[in-house]
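Chains as they are written, first to last, in this note's numbering: chain R, 8 to 74; chain G, 57 to 516.
Since the hints were derived computationally from the structure, they do not count as laboratory data. Don't take every hint at face value.
[Stated by the list, open to error] Which residues of chain R face chain G? A partial, calculated answer using Cβ under 7 Å:
hint, residue
1, Met8
2, Gly17
3, Arg27
4, Asp33
5, Leu43
6, Asp46
[As the list claims (entries may be wrong)] Residues of chain G clear of chain R, computed beta-carbon distances all greater than 12 Å:
hint, residue
7, Leu120
8, Gly147
9, Thr178
10, Gly309
11, Ala341
Yeah, the Cβ is synthetic: ideal placement off N, Cα and C, and Gly gets one too.
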Amino acid sequence: MIDYFALALGHGLMAIALLRLVLRADLDADPLIGQLKADTAENRMAASSAGRNAARRAKAGKEAADT
Amino acid sequence: MLDLVFLAFIFFILLLGLKRPFLWVLLYVYIDILAPQRIGYSLITSLPVSLIAFAAAFGGWLVLDRKEGGRFSVRQGLMLALLVYCWWTTGHADFPEEAATKWDWVWKALLFAIFLPFTLTTRARIEALALMLVLTVATIVIGTGMKTILGGGGYQNLKFFVNDNSGIYESSTLATVAIGLIPMIWWFTRHGTVFRPHWLVTAFAVALTFACLLVPVGTEARTGLLCIAALGVLLLRYTKRRIMFIAGAGVLGLAALPFLPQSYYERMATLAEPGGDESASTRVAVWEWTLDYVAEKPTGGGFDAYRSNSFTYVMPVKQVDGNTTTVTYQQVEDKGRAFHSSFFELLGEQGWPGLIIWLSLHALGLWQMERIYRRWKGAEAEAEAWIAPFAASLQMGALIYLVGATFQGIGYQPVMLMLVGLQIGLASYCARIDSAQSLHQRSERRRAVIDDKLRGAVAA
């Protein structure tokens, strides 16, 4: 009886935990590291002249398309 | 019926793993610790569930995982060296057949521990593995604790799910693992994200801690008592009100005394007088024998090398006859006594090279956890605040394991090797955050400089 209770409780909790885990995107991609990398890439883009030129071209292109 | 439930549970995880293959790693952890194939009676015993889980875990990682940030660390290298060395000594073992039997599970445990850190690439995964470890051990511990309260127990009397003294189902091993996991259980009450901090989680942690503390009582494993003492000493470091803590622990200990069975007192009393107990006095004899053995054979005798030992020694034998108790000293002969200590187990089986690798593996782990604790202590952001307490709980777990390991041959215990894997995973994860943060800071500085220049140019 005790054995069945312990097995049921343990497996029940594990099943809930696994169900919650399967729905979490951060299980496969870490949000903290992902955010840091994205911010770094953005800074690099802004700091490089090529990146700035690309941004300017994109802006100019958009303005030309609007008019 | 039970078999079907186990199989349904395993199938359930296999199915969930199709979406997130990391769950297959957790499935292997569950099967390796709880061994449902040995609890069941019919169908499940004939299926190679452990092999299926390992194949799924490894295959899933190889084919489907992003494998982002996985790196091969020094400690994985040490385990690999130990694995290769064990393979070599098995080929030259004193007892080839017995050595092959032990090799059969040791290589799996070591290989899985080497593999595990590659999969632990995110915070959620690190927590998921810790949670699975705790819940699987909890399943065993809850049953043991309840039986201790309701049905007494006793040394080698308490029935587990599996009663063949193997793996974690050996009383002293279970006691060590259960006590070692207590700090981690409490980590979940503050930093858990799968089960968020809630009064229900805290209530479960209280009950589970109580059950863990009952394991050494129920099984009357003396090593467990030492592990509890070690836990108490270690917790002192992290307690703000130390005097209160010592007083509280003392009161709690005294309050527990009347509830302990008489047989427990008798067994614990032998801790103080090793001469009066065969299990304790042979320990010292086996350790001396091991030192002599490696003096002749420094590279070790392969697994189960202890089988060639035999000693005679004088031991007091008590005889009770009515009201009189006579103690006579008799010569006792003992053969093939196990090492009863992981340090001597490694030394006898793998010689000095094996012991040095094993010691460096654990010493490096303790140092690494200490470094991580100091580095992240005081971090307040939610994404970082969990790291220092987690490192502390892993370090305490490792120290408690080493205390327990001093008196039992659990040098290759799979659960402990998984904890080593978890430590390595945490260290790699922290190193990745550090490197991402330093790159980020550098890019911030550069951007600020360029922005300043641009602003200057526009103003001019």
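We went through each hint and held it up to the structure:
no., hint, result
1, Met8, "violated (10 Å)"
2, Gly17, "holds (3 Å)"
3, Arg27, "holds (5 Å)"
4, Asp33, "holds (5 Å)"
5, Leu43, "holds (4 Å)"
6, Asp46, "holds (6 Å)"
7, Leu120, "violated (10 Å)"
8, Gly147, "holds (40 Å)"
9, Thr178, "violated (4 Å)"
10, Gly309, "holds (26 Å)"
11, Ala341, "holds (38 Å)"
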